[in-house]
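Add chains V, D and R to chain G, keeping to what the hints say.
There are 4 protein chains.
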Amino acid sequence: MADSAPTSDDVKTLIQQVSNWGRWGNDDERGALNLISDRKRAQAAGLVQDGTAVSCSHALPVVPTIENPVPVQHCMLAAGDLPEGAVIPGLSYTADYFAVGCHGLATTHLDALCHFVVDGKLYNGFDGTDVTSVGANRNSVMAGLDGLTSRGVLLDLPALHAVDWLDLGHRITRSELEQAEQRQGVTVEEGDILVVATGRDARRAELGPWSFEEGFAGLAADCLPWLHERGVAVLGCDGISDAVPSGIDEWAMPIHQIGITYIGLHLIDNMRLDRLLDVCRARDRSAFFLTMAPLPLERGTGSPLNPIAIL
Amino acid sequence: MADSAPTSDDVKTLIQQVSNWGRWGNDDERGALNLISDRKRAQAAGLVQDGTAVSCSHALPVVPTIENPVPVQHCMLAAGDLPEGAVIPGLSYTADYFAVGCHGLATTHLDALCHFVVDGKLYNGFDGTDVTSVGANRNSVMAGLDGLTSRGVLLDLPALHAVDWLDLGHRITRSELEQAEQRQGVTVEEGDILVVATGRDARRAELGPWSFEEGFAGLAADCLPWLHERGVAVLGCDGISDAVPSGIDEWAMPIHQIGITYIGLHLIDNMRLDRLLDVCRARDRSAFFLTMAPLPLERGTGSPLNPIAIL
Amino acid sequence: MADSAPTSDDVKTLIQQVSNWGRWGNDDERGALNLISDRKRAQAAGLVQDGTAVSCSHALPVVPTIENPVPVQHCMLAAGDLPEGAVIPGLSYTADYFAVGCHGLATTHLDALCHFVVDGKLYNGFDGTDVTSVGANRNSVMAGLDGLTSRGVLLDLPALHAVDWLDLGHRITRSELEQAEQRQGVTVEEGDILVVATGRDARRAELGPWSFEEGFAGLAADCLPWLHERGVAVLGCDGISDAVPSGIDEWAMPIHQIGITYIGLHLIDNMRLDRLLDVCRARDRSAFFLTMAPLPLERGTGSPLNPIAIL
Amino acid sequence: MADSAPTSDDVKTLIQQVSNWGRWGNDDERGALNLISDRKRAQAAGLVQDGTAVSCSHALPVVPTIENPVPVQHCMLAAGDLPEGAVIPGLSYTADYFAVGCHGLATTHLDALCHFVVDGKLYNGFDGTDVTSVGANRNSVMAGLDGLTSRGVLLDLPALHAVDWLDLGHRITRSELEQAEQRQGVTVEEGDILVVATGRDARRAELGPWSFEEGFAGLAADCLPWLHERGVAVLGCDGISDAVPSGIDEWAMPIHQIGITYIGLHLIDNMRLDRLLDVCRARDRSAFFLTMAPLPLERGTGSPLNPIAIL
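Protein chains in written order, with the numbering used here: chain G, 37 to 347; chain V, 37 to 347; chain D, 37 to 347; chain R, 37 to 347.
Chain G with its partners taken away, still in its complex shape (with noise of 0.2 Å):
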């Protein structure tokens, strides 16, 4: 797959060898987090050092942008212009409400299991309409209730081709992914989440947002097999993980597409990487501890997050 665009047949060929629907039984709603155990959380939490924190989100996107059409929602309930008891009586206090629809290109969001239909099925056979018009009733994103924890590595792709950003459109390839483990020296592992950073926060600052249109860089196709392969548990990115456009036809969003649906890889995106790249590459680390918790929406089929490295 790596030289031409791979066919229908190809990728028909790739989800038989990436599937993990059954893998862990056929009422499984949890997929790859599967492969994170008690223990490898806690040899995670073995990788803290200096106890440094570094968060992974932006700020909730409140600002209408060419990648944020329909913005965050934030609004005041009662703010410090009250007088004592104008809303409880002996009290003064300030309240707020926001409301979101987390997915798209701005918000650092999780998308649950349920979030892509493909012929007609979610991760682990389970039917599309499953998904009703009042939620999600398999694959919500309460497989996460617990939380994501594990090791957390950050694959720095800039710093591979050395430059401060990868080119819109630009699609990782496997052998891009092992490049970069060699340069940094580090190996993504069983039960690992997994940061790809492509620069994305880089060019922002430096150009800009840009729209779905304009493309975005991610991986390709090809590093389907090896996520599988690797056993990687989450994906995480600060793009959206999918090369876009991804060359091939009829598979817009493949990583999306086959990953959350036939890996059954939750994937984090548009996760802020400016801070954690700047910490990593300032101490020379690429593996740390990696904590994030969705909100608990039962039938939902994502949440916003906040994701934690702590080093």
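Don't read these hints as lab results, they were simulated from the structure.
Some clues are possibly wrong.
Copies of one chain are not kept apart here, so a pair can be met inside one copy or by any two copies together.
[As the list claims (entries may be wrong)] Once the Cα atoms are required to be at most 25 Å apart in a straight line, the calculated DMTMM-like pairs of lysine to aspartate or glutamate come out as: (1) K157 <-> E225; (2) K48 <-> E334; (3) K48 <-> E120; (4) K76 <-> E250; (5) K48 <-> D285; (6) K157 <-> E120; (7) K157 <-> E286; (8) K76 <-> D320; (9) K48 <-> E250; (10) K76 <-> D86; (11) K157 <-> E242; (12) K76 <-> E226; (13) K76 <-> D64; (14) K76 <-> E103; (15) K48 <-> E265; (16) K157 <-> E250.
This is chains V, D and R only, laid out in the frame that chain G set:
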């Protein structure tokens, strides 16, 4: 203060005793979070033994109840009933939307330091009017951007009293907190996240939810100097930390009013503690790694939260 | 059907009797609104005498009550506490935001013809699945784009029975409707908007709100053929038009289920009628100009509404 | 004021000239709505001839555009994909939800008299801080509870200039308003709802939407005394009534700032007028019955609106 109800003068004295205004500089907006050093976080990571992870959050409460008069609103934006390409060409995906005002008695949430105004002032002496109708210019929830991670200590008050839950209105004294420490063989230390269990989840499971007016078990005002002396960094509770009623005229919620505004204490209200109690009791654990990360809402007064304990 | 509870077979017969499917073409999405001609509207304008205008809407219900478990959410976006120019340079303005799910027992609202599905079908035989998770492809509230304006006729059932309000669960029969007409000296005609007062506002003012389970006064199913014969274009009520319980097995809300789906009747639920009753009783008026306009929400299932009677 | 840009002193004089503060009492919150008497409404009803009804509202704008940066959010709560009884036993119904901040350049909406603050004051001299972070204690949209119904007069400025639309930034003078009256053979009278067409819908249809910064055709400040003299009760426009830029330093939106705050004029922004223009031009009509009713949102600053003209 232990034997008779405190007077207004007592409260004034108490405030002078516990106030952290100016302690970390005149511009400080982090309050007692300053007590969590990198080193403290690293030590906390050292508490992880077998790696068991436990959420301390209720599912986002979407069903109206007496304790949840304004429920979280959850709606679908696209479900699995749509033909492929109905929303995005070539793709079949699902998405949802929720809206939340996190404060109150139902949602597990973090109170930012701007959440209460006392005598016209916020924590560290900022003016209450700094919380405007477009949001908090001071003491917003962004203080928690890099997460709240430290040693968590669970004080099990129902076990101390050999009951399933404390009576409504039970005011936990500093003496009871110390008795709980002794019984459990743990000592609350500087930088800890203190979690006080009152048995609310057990009571709700048995008797259903109840209203603010019916009362809540929680800390008496005389715990405030103790929290200050011990250097508690964050205080969480299955209730709202405050005993209701407080027993002090004109101070309906002293733990919120004085804890937030003078000590600079972030509070975690409405934690789900039944699962954590089970795990801690079964393993005879009282201290563990505890981590949580508010959604980074600029100018926000709080955040829904999914705190994760790792043992 | 008058004396004993109707059977399922009775209901089937009734449906055949009242169905307007196909009457205005196979593509029709307006139903009984077709009975309001331009001429009818012009005649209605001729009913205006002194020009008194009366709202038939409750304030948007923002306070949770037993009849309003999911209240309208109202938040401020900018208030008068801000310095000039805080949001827009050189200007000082205020703004707010609200969120509403209009159906239920509290908000005065219009039910679009897509609001009910019976035997898998919508009004005029469209498939229920035409209402998708992104909205109604058929029978949306856009049928009311140019407003619902006609002769309004108020039937005053409490006055007929010389009570302040009908008992909960009172099933108004076609005979009672005709008695009310006779008492008031008015006859419901083709294209009219029929408004049935049950005294709900008076009862609520006296006794407070109540739940669906406690029952509602409303029309018995035997009124459906009468509504059809008379050519009622729109049906409104201070309750929800249906008597609750309906008294018919398997048809919990026949006025909604059959009225909307077979007759093609737009319903106005939860009208505020106390003020209109006062005005009509004082002037001995039963017919008046009545106008209302749903918000044009494409693919919407209904709209909050402020109907205005002009006498 | 016609030939050269007005100075700050000119504006002060103008304000004194047009101010209605105190005119209807010190507690008045209705402003120029007081000019619509019952008799005026009755006369307006007499304008109805053939009964044609025309909506003057855009569909609620759910799609983000340059003129609609924060779109209305529309979500489903239940669609036709659910089995009967999924939400309510025995019933199959559909429901939705929307959230709207009505102000801005896209939603057809009414501005309440609390929407602008000038020199710290609202209409009738109330303090700007009466609009608090929990809503407007004065001059809320509840002034329109019983609807805004009167004679509507449409002034067709594009026809006056024999163009499809006015240039962006075109400042309509009082002289042009009078020329439009003469050309159309109509005179704006006390209590009228004046509707000014600038051709915005035609321009948008041809060239797409545009931003505030690109400018809007609208009334020049010198129309304010004219609006006052004539006794206009409500002012509507396909734009936002104000010409942008206004041409007056420190008064970015004088029609809003002075019209709302001093005259007490409710404004209708972003009316859809292309359909009404078609109908009025075809029938050579300029005056008609016009009715609209805001949603009764207590303490609200405005309302989305569907105004209906009946000819």
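Evaluated hints:
1. In this assembly of identical chains, K157 and E225 lie within 25 Å of each other by CA distance neither inside one copy nor across copies; the values are 29 Å within and 51 Å between.
2. In this assembly of identical chains, the alpha carbons of K48 and E334 never lie at most 25 Å apart, being 32 Å within a copy and 39 Å across copies at closest.
3. In this assembly of identical chains, K48 and E120 lie within 25 Å of each other by CA distance solely across copies; the values are 18 Å between and 65 Å within a copy.
4. Neither within a single protomer nor between protomers do K76 and E250 lie at most 25 Å apart by alpha-carbon distance, with minima of 39 Å and 45 Å respectively.
5. When the C-alpha separation of K48 and D285 is checked against a cutoff of 25 Å, the pair qualifies only within one copy, where the shortest distance is 13 Å, while the shortest distance between copies is 51 Å.
6. Only between protomers do K157 and E120 lie at most 25 Å apart by alpha-carbon distance; the minimum there is 11 Å, versus 55 Å within a single protomer.
7. Taking the shortest alpha-carbon separations for K157 and E286, only the intra-copy value of 16 Å comes in at or below 25 Å, while the best inter-copy value is 34 Å.
8. With identical chains, the CA atoms of K76 and D320 are at most 25 Å apart both within one copy (22 Å) and between copies (22 Å).
9. For a Cα distance limit of 25 Å, the shortest separation of K48 from E250 qualifies neither inside one copy, at 28 Å, nor across copies, at 51 Å.
10. For the identical chains of this complex, K76 and D86 are neighbours both inside a copy (20 Å) and across copies (9 Å), given an alpha-carbon limit of 25 Å.
11. Within a single copy, K157 and E242 get their C-alpha atoms no closer than 41 Å, and across copies no closer than 39 Å, so neither meets the 25 Å cut-off.
12. When the C-alpha separation of K76 and E226 is checked against a cutoff of 25 Å, the pair qualifies only within one copy, where the shortest distance is 9 Å, while the shortest distance between copies is 29 Å.
13. Taking CA atoms no more than 25 Å apart as the test, K76 paired with D64 passes inside one copy only; the shortest distance there is 20 Å, against 37 Å between copies.
14. Proximity of K76 and E103 under a CA criterion of 25 Å is satisfied in neither setting, with 36 Å inside one chain copy and 38 Å between copies.
15. For the homomeric pair K48 and E265, the shortest alpha-carbon distance inside one copy (17 Å) is at most 25 Å, but the shortest distance between copies (61 Å) is not.
16. For a Cα distance limit of 25 Å, the shortest separation of K157 from E250 qualifies neither inside one copy, at 30 Å, nor across copies, at 43 Å.
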